[in-house]
Amino acid sequence: GDSVTQMEGPVTLSEEAFLTINCTYTATGYPSLFWYVQYPGEGLQLLLKATKADDKGSNKGFEATYRKETTSFHLEKGSVQVSDSAVYFCALSEFSGSEKLVFGKGMKLTVNP
Amino acid sequence: GAGVSQTPSNKVTEKGKYVELRCDPISGHTALYWYRQSLGQGPEFLIYFQGTGAADDSGLPNDRFFAVRPEGSVSTLKIQRTERGDSAMYLCASSLSPGGYNEQFFGPGTRLTVL
Numbered sequence: 152g153d154s155v156t157q158m159e160g161p162v163t164l165s166e167e168a169f170l171t172i173n174c175t176y177t178a179t180g181y182p183s184l185f186w187y188v189q190y191p192g193e194g195l196q197l198l199l200k201a202t203k204a205d206d207k208g209s210n211k212g213f214e215a216t217y218r219k220e221t222t223s224f225h226l227e228k229g230s231v232q233v234s235d236s237a238v239y240f241c242a243l244s245e246f247s248g249s250e251k252l253v254f255g256k257g258m259k260l261t262v263n264p
Numbered sequence: 038g039a040g041v042s043q044t045p046s047n048k049v050t051e052k053g054k055y056v057e058l059r060c061d062p063i064s065g066h067t068a069l070y071w072y073r074q075s076l077g078q079g080p081e082f083l084i085y086f087q088g089t090g091a092a093d094d095s096g097l098p099n100d101r102f103f104a105v106r107p108e109g110s111v112s113t114l115k116i117q118r119t120e121r122g123d124s125a126m127y128l129c130a131s132s133l134s135p136g137g138y139n140e141q142f143f144g145p146g147t148r149l150t151v152l
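As given, the protein sequences belong to chains A and B, one line each in that order. Letter 55 of the first sequence, counting from 1, is numbered 206 in our numbering, and no numbers are missing. Letter 71 of the second sequence, counting from 1, is numbered 108 in our numbering, and no numbers are missing.
Next up, chain A with everything else stripped away, as it sits in the complex:
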């Protein structure tokens, strides 16, 4: 079945550091790819998405590119802020009628001032 493998944390960075969170996937078809974020005390929210190969999703300074050849969707940000401290989840959905999301395990990021 479909699966998502992502870097596991926790990870601690200093403010303004570069961030990469690796994510690879296994899917039978041609999935849409997502990054969701969960800030402390809040619910899951969509950070960015890409629906076809070579698409780049971007939001709040974060970017991820859908790489079909390497089945990857790595999340990057050039300069993290304290407010980026959160848990990040990579996810996919396939065109299956339900488009249910399949999530990775999540990675907790802490950014120190």
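I should point out that these hints are in silico values taken from the structure, not numbers from a laboratory. Please read these numbers as outputs of a predicted model, since none were measured by experiment. It is possible that some hints are incorrect.
[Unchecked claim] Between beta-carbon pairs, the in silico distance windows are:
| hint | chain 1 | residue 1 | chain 2 | residue 2 | range |
| --- | --- | --- | --- | --- | --- |
| 1 | A | Glu166 | B | Glu57 | 40 to 50 Å |
| 2 | A | Tyr190 | B | Ser134 | 21 to 31 Å |
| 3 | A | Glu159 | B | Pro98 | 20 to 30 Å |
| 4 | A | Glu166 | B | Gly122 | 36 to 46 Å |
| 5 | B | Pro98 | A | Pro264 | 41 to 51 Å |
| 6 | B | Asp94 | A | Ala204 | 26 to 36 Å |
| 7 | A | Thr171 | B | Asp94 | 36 to 46 Å |
| 8 | A | Asn263 | B | Gln117 | 42 to 52 Å |
| 9 | A | Pro264 | B | Gly77 | 24 to 34 Å |
| 10 | B | Pro107 | A | Thr156 | 36 to 46 Å |
| 11 | A | Tyr190 | B | Ser124 | 21 to 31 Å |
| 12 | A | Asp206 | B | Lys52 | 39 to 49 Å |
| 13 | A | Gly229 | B | Lys52 | 43 to 53 Å |
Glycine included, C-beta positions come from ideal geometry on N, C-alpha and C.
Given chain A, put chain B in place with the hints provided.
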């Protein structure tokens, strides 16, 4: 309200008891999903409703779990004869319609603890 709401926010019950968890989706959203998130894990799909019908219940772990959405809006997840292993965060999400182009909006979750 504007977002997905879930009640209760916390539920503590004893092993063997019956519980109901409620989800109010965003108005007008026809697709509704239930997920379960154990500590340190990503959410796992339980069931999907399109309108009133359960279109995909492949994620329900066993027949103690059941969910309804009788009027195509509010949904209730029902767990019979609860077990300690059912302890988790239960998340509800809704979207305008199914499809990878449509964002799923998540509620804050119900944290279930089975003693």
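Q. Using the C-beta atoms of Asn263 (chain A) and Gln117 (chain B), is the stated range 42 to 52 Å upheld?
A. holds (46 Å)
Q) Measuring from beta carbon to beta carbon, are Gly229 (chain A) and Lys52 (chain B) in 43 to 53 Å? A) Hint holds: Cβ distance 50 Å, inside 43 to 53 Å.
(Q) Just to be sure I understand the hint, the distance between the Cβ atoms of Pro98 (chain B) and Pro264 (chain A) should be within 41 to 51 Å; is that true here? (A) holds (43 Å)
Q.
A range of 40 to 50 Å was offered for this pair. Does it hold for the Cβ distance of Glu166 (chain A) and Glu57 (chain B)?
A. Check passed, 44 Å falls within 40 to 50 Å.
Q) Should the hint that Pro264 (chain A) and Gly77 (chain B) are 24 to 34 Å apart at their CB atoms be regarded as holding? A) At 26 Å between Cβs, range holds.
Q) Measuring from beta carbon to beta carbon, are Glu159 (chain A) and Pro98 (chain B) in 20 to 30 Å? A) holds (24 Å)
**Q.** Status of the given 39 to 49 Å range, CB of Lys52 (chain B) versus CB of Asp206 (chain A)
**A.** This hint holds: roughly 47 Å between Cβ atoms.
Q: Note whether the CB distance of Glu166 (chain A) and Gly122 (chain B) lies within 36 to 46 Å or breaks it.
A: holds (40 Å)
(Q) Quick check: does the Cβ-Cβ distance between Thr171 (chain A) and Asp94 (chain B) fall within 36 to 46 Å? (A) holds (37 Å)
Q. Per the hint of 21 to 31 Å, is the separation of the Cβ atoms of Tyr190 (chain A) and Ser134 (chain B) within bounds?
A. holds (27 Å)
Q: May I ask you to test the hint 21 to 31 Å on the CB atoms belonging to Tyr190 (chain A) and Ser124 (chain B)?
A: holds (23 Å)
Q) Do Asp94 (chain B) and Ala204 (chain A) keep their Cβ atoms within the hinted range of 26 to 36 Å? A) 31 Å Cβ-Cβ, so the 26 to 36 Å window holds.
Hint check: no violations occur; every hint is consistent with the structure.
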